[in-house]
Amino acid sequence: MTHLDPSSTGLARRDFLKVSATAAAGMSLGFFWPTHGNAAETPKLNAWIEIQTDDTVIIRYARTEMGQGSRTSAPMLVADELEADWKKVRIEYATAHENLRTKRAYGDMATVGSRTIRNSQEYLRKAGATAREMLIAAAAAQWGVPASECTAALGKVSHAASKRSLSYGKLAAAAAKLEAPKEVKLKDPKDWKIIGKSLPRVDIPDIVTGKIRYGIDAQVPGMMYAAVAASPVFNGKVKSLDASKVENRRGIVKVLNMGEFVAVVANNWWRAKEALREVAIDWETGDNGQLTSAVIMNSFKAGMGQAELAVARNDGNTVQALGTAAKVLEAEYFTPYLAHATMEPMVCTAWLQGDKLDVWTSTQNPENTLAVAAATAGVAQDKVTVHPMQLGGGLGRKSPQDFTRQGVMIAKAMAGTPVKMVWSREEDMQHDLYRPASLVRFKGGMDNDGKVQALHIRVSAPSILATLLRLPLPKGVDGQAVASFNDHPYDIPNSLVDYAQRNTNVPVGFWRTVGHSQNPYMRECFIDEMALAAGKDPLAFRLANLGQKSPRDVAILQAVAKAADWGGPLPKGVFRGIAETEGYGSYTACVCEVSVSDKGDVKIHRVVIGIDPGYAVNPDNIEAQLQGSVVHGLSAIFWGEMTIKDGRIEQSNFHDYRMMRLNEMPVVKAVIAPTGGFWGGVGEPAQAPLAPALCNAIAAASGKRIRSLPLKNHGMSLKA
Amino acid sequence: MAQARFDMPAQVRAGEVFKLRLLVQHPMETGYLLDLNNRRIARNVINDLRCTYLGQEVFRIEPSSGLSANPYVEFFLRATQTGEITIDWVDDRGERGQVKRTLTVV
Amino acid sequence: MTTPPAALRRDWLRASLGATAWAAGRATFARVLGGALGLGSLPTAQAQGMLSGKLLSLSEMLDPIVAGAPVVRAGVHIETLILADNGLSVPFRVWVDSPMTAQDHVTHIWLLSQRNPVMVMAKIHVGPQMGRAELSTRLRLAGGQQLVALARLSSGQFRYELADLIVTEAGCVDGS
Chain A
1 MTHLDPSSTG LARRDFLKVS ATAAAGMSLG FFWPTHGNAA ETPKLNAWIE IQTDDTVIIR
61 YARTEMGQGS RTSAPMLVAD ELEADWKKVR IEYATAHENL RTKRAYGDMA TVGSRTIRNS
121 QEYLRKAGAT AREMLIAAAA AQWGVPASEC TAALGKVSHA ASKRSLSYGK LAAAAAKLEA
181 PKEVKLKDPK DWKIIGKSLP RVDIPDIVTG KIRYGIDAQV PGMMYAAVAA SPVFNGKVKS
241 LDASKVENRR GIVKVLNMGE FVAVVANNWW RAKEALREVA IDWETGDNGQ LTSAVIMNSF
301 KAGMGQAELA VARNDGNTVQ ALGTAAKVLE AEYFTPYLAH ATMEPMVCTA WLQGDKLDVW
361 TSTQNPENTL AVAAATAGVA QDKVTVHPMQ LGGGLGRKSP QDFTRQGVMI AKAMAGTPVK
421 MVWSREEDMQ HDLYRPASLV RFKGGMDNDG KVQALHIRVS APSILATLLR LPLPKGVDGQ
481 AVASFNDHPY DIPNSLVDYA QRNTNVPVGF WRTVGHSQNP YMRECFIDEM ALAAGKDPLA
541 FRLANLGQKS PRDVAILQAV AKAADWGGPL PKGVFRGIAE TEGYGSYTAC VCEVSVSDKG
601 DVKIHRVVIG IDPGYAVNPD NIEAQLQGSV VHGLSAIFWG EMTIKDGRIE QSNFHDYRMM
661 RLNEMPVVKA VIAPTGGFWG GVGEPAQAPL APALCNAIAA ASGKRIRSLP LKNHGMSLKA
Chain B
721 MAQARFDMPA QVRAGEVFKL RLLVQHPMET GYLLDLNNRR IARNVINDLR CTYLGQEVFR
781 IEPSSGLSAN PYVEFFLRAT QTGEITIDWV DDRGERGQVK RTLTVV
Chain C
827 MTTPPAALRR DWLRASLGAT AWAAGRATFA RVLGGALGLG SLPTAQAQGM LSGKLLSLSE
887 MLDPIVAGAP VVRAGVHIET LILADNGLSV PFRVWVDSPM TAQDHVTHIW LLSQRNPVMV
947 MAKIHVGPQM GRAELSTRLR LAGGQQLVAL ARLSSGQFRY ELADLIVTEA GCVDGS
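Chains as they are written, first to last, in my numbering: chain A, 1 to 720; chain B, 721 to 826; chain C, 827 to 1002.
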């Protein structure tokens, strides 16, 4: 199979089609590459838009798709301003190597932080508007009429007065020659025709039929397979290994000692994986084999009492105010380490040919893949091609490139041969970058009217930024560790948030919703504790304490409470819990309706979950994200916990890291309440209010206050 | 004394501008990281590095934590006459290092 | 988690003065010619609440050093990566157009960081004996940011150039 270079325009169309037919037998590269071979046929109006003579509009998508739907929503932003006919839109990836070549014409490619839409919406809409103006100008020039008399809609420019119209396909060549206007006026949201519509995600048919290509599906003729094992005790190195049992086995090509990991390369993955189990590896782990969950908890507790603390927020005089408050409440909360457990484990297929490197992997940041791959292989960055693939789940795991580093190291050792490296589920579960565990102490002081006067929150937890990213922390504060504490929306005159950085040998990273995956649970549960101590209804208490300063928090809280009929009648034994939080630029709230049996079976009758993301680009996709957040969240809330013994993670697969089952799924009512005027994220924020709403409902139902997760540790289970 | 690798031509023509390269083994601790016991590792960087040629200071760099660990510096000098080239450096702890080499100018 | 001393020593021993990574990466360096890039004064990495530090504006970076003297974006050249996989060791080369005579030479070069906790990464004292106002080094960067090379001439005038650098690993926290 020839290596197809998308940037070569010299390839004749017929030759290209011939080659792509043979390519289909192997890797379906053609799926991602333009089927046009001649640049003159498909003029580029700008980096984002190409229009073919048959009116097909190719819109580039520069981030990645991992089920969050941005590959559909982001191009919708372009298409709306462009006034394209969505039925004629085809979405294609912008690649990392193309971004490098054009000095980042596509901007940021990192698909993290729920920020694809909110960070790119302005320049994407501008790209669409700019191209639209150029198409209108081309038509006006051709007709000899003022552009102001022309309108664009559904892929056509029309001149009403003379009843003439031309489709984009006919105008593109001329439009592409024009100079792009420096200023364009973007549409008022009320004029949106595509944005705001529940358009079906473009990748769903291929997902359902199995045509979609995930990173794990990469096929390169002549490919070998690698199974890897890194030290089960984190940060261990290979001291010695004995591969004599497997070296000469059928199909085994090579056993590689890479220092930080061992790889077995074979002609199929099963052979590689089975052989790896019989390679005797002696790991050098130092003292790290002594680490246990109990040792870690002691370290967190020591942090609670340590003298040097980083201050994340300091309003008024909290210590003094707590001393004089009428009612003081204190509570300690704990959340555990969590694994990402993406359905698709870590994979990387890499092929080093001389000074040229090809990489196929599931990554949330193709530029990071490119830079890490180049540095690892020791080749120039412009000689690295990162092939876009769909991700079988990202959840924040696939932004760091530890797996790419491994895959490229193997490819370098096997130079000339493509190698597909795949992690087993056990390897994936035990070599994750875990959601950090966190110990948090709350102390709240109220007056006799139930108004919170002082709130002191102390966090003792690892720092992702300092350990994974090795970034200096401004004033010693890791924003993720104190998220939703240091920026809480409540109108409290005295707030103190401090942080004790307690790193352990357990590697930590960005789990979906990051700091907001645990802190809002704790905060909103403690708010409920204070509400109950003050004898107030949890909703009324929140509204009274949010005051005037946080209108959007109030709005979403009220929208969800209304949708859940908060305060309205419930069947016997059914109780409600509520929570609200902000995060990733959006505002979210949740109400759970549960009943709890004496045995601890929790029946969730309904989850009402809502979000205000400013603007709702694709409501159906937002609803899917809300539902998906409930699934992902409930799994973690009921069973999610990584425990450490002898320096290693005890859990290894889904038998001891349980996921929710289909029949356990509760009814979810989605409330999408965009208030406009800002752009907030959707991929992560919806998970934040779920745990506190659920635990508050459980407390109302059972009288049991849940101050640590998962629920299984409290003898509770999810009833189908 | 910290180890260093120093590269410069042994011999140059008078008036020629030649390249000097220096790689010093030094952790350049930023002071922002914690050790394995969660205690802050004190800042310690090379804060002053000077090059002397024929008894005169001809180049000086004052790094901060913004230079990477194992700092690398490459700079140029114009050769006038044969003489000793010395590069001295000192870190926040006061520990010193030096490389010295004779430049032959023909 | 700090790099243990043994690992640093290993890296140091492995690093040759003509490091392959440096040489190999040269082809993809952004050669920023004076004034040609029109990057503007807007920071390309927008600070979100939890980022590794506030992003300084260009004037916040230049004013403390320039202190009102004339400053122009010309005659200074930067060669560095567009994409760095991590910020720990980023190759950086700067040179200033100058005859480097006793009457007309560069006196100082500052390497300035938009985002690092310490803005001045290095202050270099330059003189005519150097023959060339040029320096190569390796920077440590707290995430993607704009870098500024500021030069002072013997005339008292200041010249500068800036380069945008993306640290891909820090993509999780850096804005776009």
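I should point out that these hints are in silico values taken from the structure, not numbers from a laboratory. Just so you know, not all the hints are guaranteed correct.
List of simulated lysine to any residue pairs, SDA-like, C-alpha gap at most 25 Å [said to hold, decoys possible]: (1) A:LYS475 with C:HIS903; (2) C:LYS949 with B:ASN758; (3) A:LYS475 with C:PRO890; (4) A:LYS237 with B:ASN764; (5) A:LYS383 with C:GLN955; (6) C:LYS880 with B:ARG770; (7) A:LYS356 with A:MET223; (8) C:LYS949 with B:ARG770.
Quiz item: Can the restraint linking C:LYS949 and B:ASN758 be considered satisfied, given a maximum Cα separation of 25 Å?
Solution: The hint is violated at about 32 Å.
Quiz item: Taken at face value, is the distance from the CA of B:ARG770 to the CA of C:LYS880 at most 25 Å?
Solution: Given that 25 Å is the threshold and the Cα spacing comes to 32 Å, the pair is violated.
Quiz item: Does the structure keep A:LYS475 and C:HIS903 at a Cα separation of 25 Å or less?
Solution: Outside the cut-off at roughly 34 Å; violated.
Exercise. Verify the proposed pairing of A:LYS383 with C:GLN955, using a straight-line Cα cut of 25 Å.
Key: violated, 40 Å
Quiz prompt | Satisfaction of hint between A:MET223 and A:LYS356, Cα-Cα up to 25 Å | solution = holds, 16 Å
Exercise. Quickly compare the C-alpha distance for A:LYS237 and B:ASN764 to 25 Å and report which way the hint goes.
Key: violated, 28 Å
Quiz item: Within a Cα-Cα threshold of 25 Å, do A:LYS475 and C:PRO890 meet the stated pairing?
Solution: holds, 22 Å
Quiz item: Regarding the pair C:LYS949 and B:ARG770, is the alpha-carbon distance no greater than 25 Å?
Solution: This hinted pair holds, its Cα atoms lying about 12 Å apart.
When the structure is compared with the earlier hints, violations turn up for hints 1, 2, 4, 5, 6 and for no others.
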